[in-house]
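Peer 1: Heads up: the sequence lines are chains A and B, in that order.
The numbering of the first sequence is the working numbering, which starts it at 1 and goes up by one.
The numbering of the second sequence is the working numbering, which starts it at 1 and goes up by one.
These are calculated hints, taken from the structure and not from any lab test.
Computed from a predicted structure; not experimentally measured.
The C-beta atom is built at its ideal place from N, Cα and C for all residues, glycine as well.
A few of these clues could be false.
[As the list claims (entries may be wrong)] Distance windows between CB atoms, simulated: (1) ASP56(A) - SER22(B): 19 to 25 Å; (2) TYR24(A) - ASP6(B): 39 to 45 Å; (3) ARG60(B) - ASP93(A): 17 to 23 Å; (4) GLU63(B) - ALA86(A): 24 to 30 Å; (5) GLU115(B) - ILE50(A): 21 to 27 Å.
[Stated by the list, open to error] Covered stretches of chain A (in silico footprint by chain B; criterion: 3 or more residues with CB under 8 Å from a CB of chain B, positions within the stretch not fixed): (6) 46–58; (7) 67–78; (8) 92–103.
[Said to hold, decoys possible] Capping the alpha-carbon separation at 20 Å, the derived lysine to aspartate or glutamate pairs in EDC-like fashion look like this: (9) LYS129(B) - ASP93(A); (10) LYS64(B) - ASP36(A); (11) LYS97(B) - GLU130(B); (12) LYS64(B) - ASP46(A); (13) LYS101(B) - GLU130(B); (14) LYS9(B) - ASP118(B); (15) LYS9(B) - GLU115(B).
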Amino acid sequence: MSMIRRLLALDGVNVICHFRDDGYLIEGYGLMSHNDMGRLAQFARDYRRIAQGNADQLAMFSGMRGWTPPHGWIIRGATQSLCGVANLVCVVDSTGAPLNEILMELREVSHW
Amino acid sequence: MTTLDDLMKLPGAMAAFEFRGSGEMLEHRIAYPDRINESTLDLLAHMCAANLSIATMQARGWEKVTGMEGFYPIQEFTLIGFDWSVVVSGLQREQYKQAGKFSLPPFMGVVLANESADYEAAFGLLERKEPVP
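So here's chain B without its partners, still in its complex pose (with noise of 0.2 Å):
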């Protein structure tokens, strides 16, 4: 299973971090506490669980207005800033949804540097396979 170590060995990690489906943070870890504190990331946590509720309300908008498919459920939002960016997975959570599971993992999010971010790497990671316990 992936986890927020695993996340901060990307290049560029900053910061690596957990949270519920209501955006409140768990787990964190922070490689440079100068640039980035734990009030910044539960602000970042909380931004992105509403990003994944609006970006999943748009997916299932579209699919029913085009009939396209492949765009629901939404497994990761990332958002580019000018120097940082941040990507989050609830990949996992659809696993366990898709499993029958009641209880959810959380989900997982990582803060890199542009400078050095490897989306792909980051995307990798996050959708790596875990079997359903």
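So that you can see chain A by itself, here it is in the shape it has in the complex (with noise of 0.2 Å):
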């Protein structure tokens, strides 16, 4: 079994995708379509260099270390949020999910 699969199994998670650094997907699970995880594994890349890029730069202007590399952002919306870690992204629940979770299970998974 896929070893980001199991991330599946944590309330809340709806969708758990790998992809390549140049946002290919590499295999995703969950309640989406195949299409649609492609077009999230080039969305999670995109803002994950943004992500880089806008710490790069707080922490060049400000001179405060510990921002970069960061680990992973959160976008939550109104019923749907989106975790990144590295090279997964993730759809959950924005109610109910236990986050704290997920992001140590993302963290973890993505050493692998």
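Put the two chains together into one complex; each comes in its own frame, and the hints tell you how they fit.
Peer 2: Structural data, given as structure tokens:
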């Protein structure tokens, strides 16, 4: 069984995708079409670069250490949220999902 | 209503701040002035305002292309840095907008030390429902 698939066992996790550095979808599981998972992977790769760039600039302008390299990001919508860590992204319910645990799992799985 | 002082009680809270949609910082609290200062918070507020705008554009586009719902409006943005995280929310503004108010409250944010950060608690506090006056 794919290692990332186990994240779907966590409450509130609807989709999990693993993508290459160029945004190409390697594997994805959950309640979403394969085409949309491809789009999600591309979006997550782009957003990761945006977050990385922002953290780099914040560190450069402020001189404050500890922001880079960033571990991840969360965008929280009305009922759905996106969590990104390294080359992984998941769609989770905005309410009721154990975010702390999900982030911890994402970090652990991202090292495999 | 959730206040900056409430946010400062979160585990690992280093600073809390309010800012306008333009990124201009209004009020702030700092727990460890040797680690983070007002100037950094000001930059952080501008960075968060920019990210909320980008994420909002993406949520609009995503919902249009995929037909999925639930992403727009963006309520919170979180950047998890190497040692620190920032969590910002515009949920209260959305509640005021939906109530037809023209004068909106500021965005709120909190800087957390990752080693003790509790993101669920931060979201819980920032999403506390308050009656719109």
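Peer 1: It remains to establish, for every hint, whether it holds in the given structure.
Peer 2: Here is how each hint holds up against the structure:
1. Checked against the given bound of 19 to 25 Å, the beta carbons of ASP56(A) and SER22(B), roughly 22 Å apart, stay inside it.
2. The hinted range of 39 to 45 Å is satisfied by TYR24(A) and ASP6(B), whose Cβ atoms lie roughly 43 Å apart.
3. Against the hinted window of 17 to 23 Å, the Cβ-Cβ separation of ARG60(B) and ASP93(A) comes to about 20 Å, which satisfies the hint.
4. The hinted range of 24 to 30 Å is satisfied by GLU63(B) and ALA86(A), whose Cβ atoms lie roughly 26 Å apart.
5. Roughly 25 Å separates the CB atoms of GLU115(B) and ILE50(A), a value that falls within the hinted 21 to 27 Å.
6. With 7 residues bearing a CB less than 8 Å from a CB of chain B, the segment 46–58 of chain A meets the requirement of three and the coverage assertion stands.
7. Only residues whose C-beta sits within less than 8 Å of a C-beta in chain B count toward coverage, and the segment 67–78 of chain A has 12 of them, enough to reach three; the restraint holds.
8. Taking a C-beta to C-beta cut-off of 8 Å, the segment 92–103 of chain A contributes 5 residues in contact with chain B, enough for the three needed, and the coverage statement holds.
9. Using a Cα cut-off of 20 Å, the hinted pair LYS129(B) and ASP93(A) holds, with the two alpha carbons roughly 18 Å apart.
10. Between LYS64(B) and ASP36(A) the CA atoms are separated by roughly 12 Å; this keeps the pair inside 20 Å, and the hint holds.
11. Restraint check for LYS97(B) and GLU130(B): satisfied, since their Cα atoms lie roughly 14 Å apart, inside the 20 Å limit.
12. Using a Cα cut-off of 20 Å, the hinted pair LYS64(B) and ASP46(A) holds, with the two alpha carbons roughly 18 Å apart.
13. Between LYS101(B) and GLU130(B), the direct Cα distance comes to roughly 14 Å. Compliance with the 20 Å bound is thereby established for this hinted pair.
14. For the suggested pair LYS9(B) and ASP118(B), the alpha carbons sit about 11 Å apart, so the restraint of at most 20 Å is met.
15. For a cut-off of 20 Å, the pair hint linking LYS9(B) to GLU115(B) stands: about 16 Å separates their Cα positions.
Every hint, counting from the list given before, is met by this structure.
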